[in-house]
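A.B. asks: Read off the chains here:
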Amino acid sequence: MSAVGGAPPEIGGPPSTTEVDVESRTPLRFAAVGGAFRGVFSANASLLTGAIILGTLILIGLLAPVISPYDPVKQEIDQTLAAPGASGHLLGTDQLGRDTLSRLIYGARNDILVALGAVLLPFIIGTIIGVVAGYRGGWADSLLVGIVDVIIAFPILVLLIALVFVLGPGVRTIIIAVAVIDWVVYARLARTSARREAAMEYVMAAQVGGIPTWRILVRHIIPNLISQSIVYAMSDAVLVILFITTLGYLGLGIPPPAPDWGTMIAEAQPYFNNQWWLAVIPGVAIIITALGLSLIADGLAQKLDSR
Amino acid sequence: MNVPDTLTQGNKDALDDKGALLSVRNLRIEVGTDGESFEVVTGATLAARRGEVVGVVGESGSGKSLTLRAIAGLLPQGVTVGAGEVHVGDIDVTKADSAALRRLRGGVVGMIFQEPMTALNPTMRIGPQIAEAARAHSRASRSEAKARAIELLGQMGFTEAERRYRLYPHELSGGMRQRVVIAIALAGNPSLLLCDEPTTALDATVTMKVLNLIVGLAADLDIGIVLVTHDLGVAARICDRIVVMYAGRMVEEGPSEELLRRPRHPYTLALLQAVPTRDSTIDDLIAIRGTPPTAGEVPEGCPFAPRCPLAQPECLQPVHLIEVGPGRTSACRRHELLEYPEGEVDG
Amino acid sequence: MADNILVAKDLQVVFGGGRDIFMRPKPTFEALNGIDFKVARGEAFALVGESGAGKSTAARCVVGVQRPTAGTITFDGAPLDPRRDRAQRRAIQMVFQDPQGSLNPRMTVGAMLSELLRRNEICASKQQARERSIELMSMVGMPEAALDRRPRSFSGGQRQRIGIARALAVEPTFLVADEPVSALDVSIQASILILLKRLQRELGLTMLFISHDLAVVKQLCDRVAVMCDGEIVEEGHVDTVLTDPHEEFTKRLLAATTDLPQLDAKMRELLQPEGSA
Numbered sequence: 020m021s022a023v024g025g026a027p028p029e030i031g032g033p034p035s036t037t038e039v040d041v042e043s044r045t046p047l048r049f050a051a052v053g054g055a056f057r058g059v060f061s062a063n064a065s066l067l068t069g070a071i072i073l074g075t076l077i078l079i080g081l082l083a084p085v086i087s088p089y090d091p092v093k094q095e096i097d098q099t100l101a102a103p104g105a106s107g108h109l110l111g112t113d114q115l116g117r118d119t120l121s122r123l124i125y126g127a128r129n130d131i132l133v134a135l136g137a138v139l140l141p142f143i144i145g146t147i148i149g150v151v152a153g154y155r156g157g158w159a160d161s162l163l164v165g166i167v168d169v170i171i172a173f174p175i176l177v178l179l180i181a182l183v184f185v186l187g188p189g190v191r192t193i194i195i196a197v198a199v200i201d202w203v204v205y206a207r208l209a210r211t212s213a214r215r216e217a218a219m220e221y222v223m224a225a226q227v228g229g230i231p232t233w234r235i236l237v238r239h240i241i242p243n244l245i246s247q248s249i250v251y252a253m254s255d256a257v258l259v260i261l262f263i264t265t266l267g268y269l270g271l272g273i274p275p276p277a278p279d280w281g282t283m284i285a286e287a288q289p290y291f292n293n294q295w296w297l298a299v300i301p302g303v304a305i306i307i308t309a310l311g312l313s314l315i316a317d318g319l320a321q322k323l324d325s326r
Numbered sequence: 384m385n386v387p388d389t390l391t392q393g394n395k396d397a398l399d400d401k402g403a404l405l406s407v408r409n410l411r412i413e414v415g416t417d418g419e420s421f422e423v424v425t426g427a428t429l430a431a432r433r434g435e436v437v438g439v440v441g442e443s444g445s446g447k448s449l450t451l452r453a454i455a456g457l458l459p460q461g462v463t464v465g466a467g468e469v470h471v472g473d474i475d476v477t478k479a480d481s482a483a484l485r486r487l488r489g490g491v492v493g494m495i496f497q498e499p500m501t502a503l504n505p506t507m508r509i510g511p512q513i514a515e516a517a518r519a520h521s522r523a524s525r526s527e528a529k530a531r532a533i534e535l536l537g538q539m540g541f542t543e544a545e546r547r548y549r550l551y552p553h554e555l556s557g558g559m560r561q562r563v564v565i566a567i568a569l570a571g572n573p574s575l576l577l578c579d580e581p582t583t584a585l586d587a588t589v590t591m592k593v594l595n596l597i598v599g600l601a602a603d604l605d606i607g608i609v610l611v612t613h614d615l616g617v618a619a620r621i622c623d624r625i626v627v628m629y630a631g632r633m634v635e636e637g638p639s640e641e642l643l644r645r646p647r648h649p650y651t652l653a654l655l656q657a658v659p660t661r662d663s664t665i666d667d668l669i670a671i672r673g674t675p676p677t678a679g680e681v682p683e684g685c686p687f688a689p690r691c692p693l694a695q696p697e698c699l700q701p702v703h704l705i706e707v708g709p710g711r712t713s714a715c716r717r718h719e720l721l722e723y724p725e726g727e728v729d730g
Numbered sequence: 089m090a091d092n093i094l095v096a097k098d099l100q101v102v103f104g105g106g107r108d109i110f111m112r113p114k115p116t117f118e119a120l121n122g123i124d125f126k127v128a129r130g131e132a133f134a135l136v137g138e139s140g141a142g143k144s145t146a147a148r149c150v151v152g153v154q155r156p157t158a159g160t161i162t163f164d165g166a167p168l169d170p171r172r173d174r175a176q177r178r179a180i181q182m183v184f185q186d187p188q189g190s191l192n193p194r195m196t197v198g199a200m201l202s203e204l205l206r207r208n209e210i211c212a213s214k215q216q217a218r219e220r221s222i223e224l225m226s227m228v229g230m231p232e233a234a235l236d237r238r239p240r241s242f243s244g245g246q247r248q249r250i251g252i253a254r255a256l257a258v259e260p261t262f263l264v265a266d267e268p269v270s271a272l273d274v275s276i277q278a279s280i281l282i283l284l285k286r287l288q289r290e291l292g293l294t295m296l297f298i299s300h301d302l303a304v305v306k307q308l309c310d311r312v313a314v315m316c317d318g319e320i321v322e323e324g325h326v327d328t329v330l331t332d333p334h335e336e337f338t339k340r341l342l343a344a345t346t347d348l349p350q351l352d353a354k355m356r357e358l359l360q361p362e363g364s365a
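Protein chains in written order, with the working numbering: chain A, 20 to 326; chain B, 384 to 730; chain C, 89 to 365.
There may be inaccurate statements among the hints.
Unchecked claim - Over 12 Å on every C-beta distance to chain B, these chain C residues come out as not near it, computed from the model:
hint, residue
1, Asp98
2, Asp108
3, Arg112
4, Gly198
5, Gly244
6, Glu290
7, Leu293
8, Glu322
9, Met355
As the list claims (entries may be wrong) - Derived coverage of chain C by chain B (criterion: at least 3 residues anywhere in the stretch with Cβ under 8 Å from a Cβ of chain B; other residues may be distant):
hint, region
10, 176-185
11, 303-317
These are calculated hints, taken from the structure and not from any lab test.
These figures come from a predicted structure and were not determined experimentally.
Virtual Cβ for every residue (Gly too), placed ideally from N, Cα, C.
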């Protein structure tokens with residue numbers, strides 16, 4: 020750093036890198052940055068682990084037809100209730116002689132992919148509605164808040180199950196049910212963030228600069244709030260997976276004989292005493308999936324925090 | 384590293400005086416955890432006596448607020464005193480345990496901050512907040528504490544103190560809230576009042592009132608006041624002595640009027656010439672080129688050298704505070720450039 | 089007779105009002121109580137006052153993000169409405185107060201300028217927008233490299249410069265500056281004020297300057313209106329108002345202004361050495 024005085028103007032030369040305001044930011048920040056350095060590291064660990072888990076599961080689901088050793092719905096009456104490892108069935112067979120491993124793999128395909136799809140719709144709808152309402156304020160905003168408060172007051176799982184019951188089981192119903200109920204949380208999240216961003220001066224600057232409203236929303240407001248929503252979506256996906264598998268358990272989910280972890284558990288109940296693995300294995304799969312999603316959510320949230 | 388411990392005559396008087404209140408010597412404050420830590424304040428030395436107002440002036444990044452917090456023993460997590468001493472009365476704040484510090488704060492040292500709204504409990508009426516502070520530092524009964532609170536409100540300039548006792552913070556304006564904050568700070572009868580930018584969040588006319596109040600306290604209650612501010616105008620109004628800080632170091636000290644009229648450090652001079660005043664015009668203003676160094680990136684030698692119009696290669700050597708006159712110190716090697724006898728002003 | 093480019097008449101803004109869900113009237117707040125002011129072409133006019141005085145509200149009306157409850161504003165003879173045509177919108181631009189919040193944290197400086205230039209049809213292609221952006225940056229003393237960075241890598245003073253470049257991007261003739269230096273460190277304020285003055289002179293801009301600080305106003309402006317509680321209490325040439333204030337409030341405001349001893353010429357010379365340092 021050159022030190023001698025001279026006469027170059029105050030400007031010129033590269034702008035200084037992040038200016039740390041010692042007074043107001045360093046003391047708290049440096050403890051935080053130190054922690055965050057470890058935090059980004061452990062956030063990366065969290066994020067990385069979760070991403071690996073989920074990535075693997077999704078891959079399994081996508082490649083199901085290729086890697087599944089058997090046809091998941093093919094029944095082999097002479098090989099029912101085989102123990103894991105017996106006669107070419109790595110995880111044994113169920114009461115109808117269907118290979119557990121194959122059912123598990125196809126179950127991943129059904130449950131995870133449907134869950135991710137079921138989260139996408141409310142995410143998109145809810146975020147758009149929330150952003151518009153938050154930005155415009157006024158009666159649209161008050162109306163939204165009212166609707167959100169009413170829906171949230173209900174126990175969501177009960178609502179969802181009731182809806183599926185009324186509409187009849189099936190993948191489409193599940194997606195519709197989740198979309199209809201779940202959008203409100205995304206809307207509320209987006210609305211709060213949109214309100215906060217809309218009050219910022221850079222938005223006013225864009226308005227004064229003649230940027231049309233739609234572009235302000237898309238290019239300025241949404242990018243500044245989307246990461247929070249994504250983090251939330253990850254944890255929401257856990258709930259949706261649980262929802263789908265619960266439906267399966269109750270017999271309201273993806274109709275048999277299509278494999279679904281929840282259905283597998285339900286069907287395994289009568290055999291729990293002797294062939295406990297039939298119920299436990301799909302349960303473990305659900306837990307691992309939920310864990311993967313939670314780790315991702317956690318990791319993302321930590322990364323956002325330290326910024 | 385031992386830096387010569389230079390005390391100005393002003394500081395020496397303050398310390399010899401039986402009324403010596405505050406003595407800070409060679410304070411070094413560090414930020415960071417084991418392994419990677421760096422200094423944010425280096426070699427801060429100052430003293431304050433009862434009845435006087437000492438101003439610590441600097442911009443963001445100068446370390447002035449941290450110095451103040453160190454005096455109160457209120458450094459945040461991760462920020463520690465690396466070296467030096469802070470004596471308030473007989474107590475060495477840097478070595479005191481938390482019980483001693485708790486007794487110190489409020490009872491001997493009062494402190495007020497920039498944002499009056501966050502300093503007050505919004506769900507509690509202002510009177511009881513003052514009374515609570517009074518009881519925390521004395522054996523006063525409830526009624527005695529309430530009387531003290533009402534007395535303080537009166538001293539702070541509140542008319543109808545009895546009635547105002549029952550107001551909530553949100554029913555007061557910013558200036559009034561700040562006065563309540565001051566009352567709380569005084570409730571424990573401290574002998575030293577530390578003020579961290581107390582008027583920055585207030586309007587100009589309210590600032591005047593609060594400043595007048597503060598300077599009145601020094602005289603009426605015979606307490607010492609250390610006022611941290613970035614605003615030279617504020618310091619000019621009420622401070623008896625001013626200490627100027629830059630990038631964590633003290634660069635100059637002296638009696639306020641003399642320092643402002645005849646600065647002995649280029650930074651002070653540059654600052655004075657960059658501040659818009661009632662009498663200056665745009666062509667008078669001279670901007671200081673460059674930006675202050677970020678914490679941890681302070682260069683060797685004089686921290687101001689990269690931006691200093693008077694810098695020479697010798698300024699890359701480490702600098703210390705030098706006594707440059709009665710009660711004046713400066714950390715500039717070339718301070719003689721800034722001296723010339725009174726009266727020798729060019730026409 | 090002065091050529092007044094902006095004339096505000098009886099400008100009134102009332103917040104709140106209406107009824108809540110139970111049909112009870114909601115409280116109102118009068119931010120502007122029907123004020124009149126004129127800004128002559130090429131001059132720098134200041135609205136000065138404390139917080140809540142209404143000066144920012146007036147600025148917002150001029151710039152078009154606040155609809156007045158009553159009153160009119162005319163610009164160059166034509167009435168000014170929040171919904172304005174492109175010509176009027178481009179002619180009046182604003183520099184904001186908060187260096188933190190006034191730039192989109194997720195957009196690079198270049199993208200921000202490019203968007204403005206192309207949306208307003210000043211530049212047709214990315215290439216043109218880039219060239220023009222480089223020019224704008226150098227007008228405010230920032231290097232080309234700044235275009236590819238995000239706001240978080242700049243200091244407060246640099247962000248304000250970028251904000252000024254943004255305001256100038258659409259080639260306005262009238263610039264509203266809302267407390268542009270209040271959030272900056274003291275030593276940086278001077279450079280921004282000097283920049284604004286230079287730009288005003290070089291580009292022939294008319295300026296509406298909002299501030300709470302009479303000293304700052306004195307540096308930059310020709311005429312000033314002192315506001316209190318939504319009304320203008322005193323108005324006149326800056327020198328006159330500062331040396332001979334009439335109203336009590338103006339006097340109080342003046343008394344609170346930064347008052348430091350004037351440094352003599354020899355000291356100033358040290359800061360600006362003629363020839364070699």
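A.B. asks: A separate judgement is required for each hint: does it hold in the structure or not?
C.D. replies: Comparing the hints with the structure gives:
no., hint, result
1, Asp98, "holds, 27 Å"
2, Asp108, "holds, 20 Å"
3, Arg112, "holds, 21 Å"
4, Gly198, "holds, 22 Å"
5, Gly244, "violated, 9 Å"
6, Glu290, "holds, 14 Å"
7, Leu293, "holds, 15 Å"
8, Glu322, "holds, 15 Å"
9, Met355, "violated, 6 Å"
10, 176-185, "violated (count 0)"
11, 303-317, "holds (count 5)"
Violated hints, listed in ascending order, are 5, 9, 10; each of the other numbered hints is respected by the structure.
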